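Participant: The primary structure of each chain is shown beneath.
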Amino acid sequence: MAQSVFSLKDVSYSYPGGIPALENLTLDFNQGERAAIIGANGTGKSTMLTLLDALIFANSGIVSAWGNQLTEKTMRDAGRQRDFRSRVGFVFQNPDVQLFCPTVREDIVFGPLQLGVDHAEIRRRLEALANRIRISHLLDRSPHQLSLGEKKKAAIASVLIMEPEVLLLDEPTAGLDPQTMRDIIDVIDQAHKNGKTVVMATHDLHIVEEIADVVHVFGGNKNVIRSGTAEEILADTEFLQQNNLVHIHVHRHLGVAHAHLHEHGHEHPHHRDISGFR
Amino acid sequence: MSGKTSGGFLERTIQGAVSLLQETVSVENVAARNGFLQHRDPRFKCLSAAALLIAVLMSRNLAELSVLYAAVLCMALLSAIGLFFFLKRTLLFVPVFSLFIVVPAIFSGVTPGEPLASFKVLLWNLTITRQGVDSAIVFFMRVLDSVSFAVLLVLTTRQHVLLKTLRVFRVPQLFVMTMGMTYRYIFLFLDIIQKMLIAIKSRVGFVASTRDGRKIVTANMAGLWLRSYRLHSQVYDAMVARGFSGEAFVLDEFHARVPDVVILLAALMALIGTLWLNLFFR
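Protein chains in written order, with our numbering: chain A, 52 to 329; chain B, 1090 to 1371.
No lab work stands behind these hints, which were simulated from the structure alone.
These numbers were taken from a predicted model, which means no experiment stands behind them.
One or more hints might be untrue.
Restricting the straight-line Cα-Cα distance to at most 25 Å, the calculated cross-link-like pairs of lysine to aspartate or glutamate (DMTMM-like) are [stated by the list, open to error]: (1) Lys247(A) - Glu260(A); (2) Lys60(A) - Asp1326(B); (3) Lys1284(B) - Glu201(A); (4) Lys124(A) - Glu74(A); (5) Lys124(A) - Glu1336(B); (6) Lys247(A) - Asp1326(B); (7) Lys1284(B) - Asp228(A); (8) Lys124(A) - Asp1326(B).
Over 10 Å on every C-beta distance to chain A, these chain B residues come out as not near it, computed from the model [what the hints assert, rightly or not]: (9) Ala1160; (10) Phe1208; (11) Phe1229; (12) Thr1299; (13) Gln1323; (14) Val1351.
Just so you know, even glycine gets a beta-carbon here, dropped at the ideal spot from N, CA and C.
In isolation and in its complexed conformation, chain B is listed as follows (with noise of 0.2 Å):
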């Protein structure tokens, strides 16, 4: 018999849609809670986004990335997210990785320029240059607030008014549907595999090997799809049988108060400060 067991195989499967259905439940709540955010038209926030991206994009001075990160931490306590949560989900992950991206940046073969510290490593003699690192901190701090702008959205907007705010942008109302309809049953299909391994964990135990439990599992995904097959055509069903024929309508239920155009407005002359500064000004 293997020394490796399908227990933790199956084990590790299990705990894979259980804490993604726990994410997303977590997620929900920050949504769901009494924050200034969350309170937003979505259309106006996802708007005021895609303005601060692109500044962030546009702008080469720490200082201004500064103040938009400053802006978005703010803009997180306000929206009764807890600073340590919110930084956990940003920094840990994305600007982590990009730091180890941009080390080559800062020595002097990538980023000629001012000499800060010279070093050698095996036959290689390295420079780092203060051009380089600059550059390097400008691209990490990017990173930062772009992920920290795009979580904050999805943090303070439940998934399924994000889809629906697609619309804002032209997406063909079917498309977001459909996307709405995959969300809603991705959960219903996450709890028919974790029923399903847990069942065929009761009977098989920790005894199976890997490759069997591997096995199990994937003979299971060929009955899985098959449901999957047999729910669209009930589903289409469902949908004709309350009227459906082939255009979707639906209710517009985004309201805009003052709020929200003040923000796309703070949004936008963020944008046009930061391209005045970083284009015009230097």
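Just chain A, with the same shape it has in the complex (with noise of 0.2 Å):
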């Protein structure tokens, strides 16, 4: 059986001002796993990924990492944080959140550094990390100077440098290029094949199949409303329409337009009117 490496029981969190974010949320992650969060907008998924990186902290419930719990109190402990930041990175949505030095360099190695990596060792996995995702170029360059593209494989890159163990990313292909969210899936995926466990909140469906063993869907009630496969998932098209995670799609063949739901990876019906699916 797979090692779990997160586990949340029952976990309620509040925004303050009294703002449900999640509402007894039960979900477990386990050791090598690639599990994707969909969910419409306002559903939880930052939330719960900002629980699980310890930095916010359950109203009630119990957040769980490799079987200790995680809270305020117990995460005082230097060593403790040092040890669980060491295991657990985090991608954010906002690459300038997370780009906060003058230059690239700085911002990839600032992670391993407070980690009290060996300096020598923080160069060679700059250098062959740099290689890897191409970004070598880049090293020397103000944030403000980078394209979104580049900022957020910057931002994963001083990540990977910290060598986690788990990748918790959030919309790492949000607004991208589609070369860019190539390149950025291929490095996902490489940490994945590298024994990485990923979790990643996305609303890119069409890339969930590719990078996603496991989807939980979030709901409305600030809960998983459903879990299974990608493949079982993305199929059940009513269910996804339901939840806001997929829209009408206007295109034209042989010079009639028609419409059907924006989906990808299979083969969808095509309606010549429109109005049903208003």
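Reconstruct the complex from the two isolated chains, following the hints.
Facilitator: Here it is, written out as structure tokens:
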């Protein structure tokens, strides 16, 4: 049986002002798993990732990592904090949040430096990683001089250099051009092949089948409404539509406009009349 | 409707943000050139600049100040900085203003001495003295030299590297890091301001009065403050997520080479020579 990495039991979290973000969530993530978290905006995906990274703590319920409970008190222990940070890497949705140093190089080496990794080892990792992700030419540039895709790559590099066991990614492919999206998927895929557990929140359904073994769908009840394989969930277009995960797509075939649900990787039904989808 | 339009006000604010970005990019481009000073260790460059600045401040001799100025121009040329570009930056602003400040010193009322010329303005008889002119020229050259050394240092060193050299002067790492982060996020906010003002302009165009334009911008300043507040908390989370626990560690990337030591020794010799000439020789 696969070892549990993260476990959430009956977890609730509300933002200041009492705005609920998660309600009674129970979920497990296992070692070596590739999990995708999908759901409409405001369903609690990012909040869950932030809880898993022990940056916020549950109002009620239990969040555990490798069997140890994550609470404000337990994370105050410096040794525990350092051990946890070296095992879990979090790529934030907004790369401008993650890239806070004057140069990309400083940003990438920030994590291992804080974790006390040997300087020679940091330089070795940096060179290897920059070559692998093809960002060597960006290292001495300031983050404000980068495109969104370059920023995302640098942000992922800043986490991969820590060589964590678990990668938490909050919409790593949002707003990217197709080639950069491909590059990022390849980097994540390679990280998983190297044994990392990957938990990724995304709205890009067309990449889910490729990057996830298991998919958890978050709903308006701030909880998981369905879990399953990517194939099972993506095949249920009615379910996806009910949960704001697909939209109507109008295009032309042989000069005739028709509409279907915007989905990828499956044969879709064609309709001349789009009114039925409204 | 007011004769003045907010178009000008918004336009100027947007232009201000854009020109600051362009200016920074232009300076960064000079610092990235393949020149003599660009390859020098910034710690040695800073110490050399400090020694030369002290030498300039201690000097009361026009010939010495002229030699130092000639040296700074040679260094600029060796560092792939065009003479016109350098003079435009160093001559136009601060020294010209200092010239205005120093004008009263050339008259006998401030600096008594050997008269050079006398003339009458309204009820006052004014006399220009040789000592007054000499001290004014020395003051002007001191300002010119000081500004030139400082500008040369800034032009040949990338801004974030310059910040890091503060560590040489025992400035706490956390302070240096905070300054670096401030420098990084200024550009993010400049970009946000620019986009925000363009969005406002796209809606209000040139119709609203200057006063209305200012009101709109002021209201958006509050929004920007809230954004920066939110960002600061997220950035802190991003730091904690990568192991930050209150003390920042950095990778030491400075490498001193023989020319770095040579340039520092030359600066120290210039300082000692100036001190000797001005304190003991006269």
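Participant: Taking the earlier hints as the rules, which of them does this structure contradict?
Facilitator: 13
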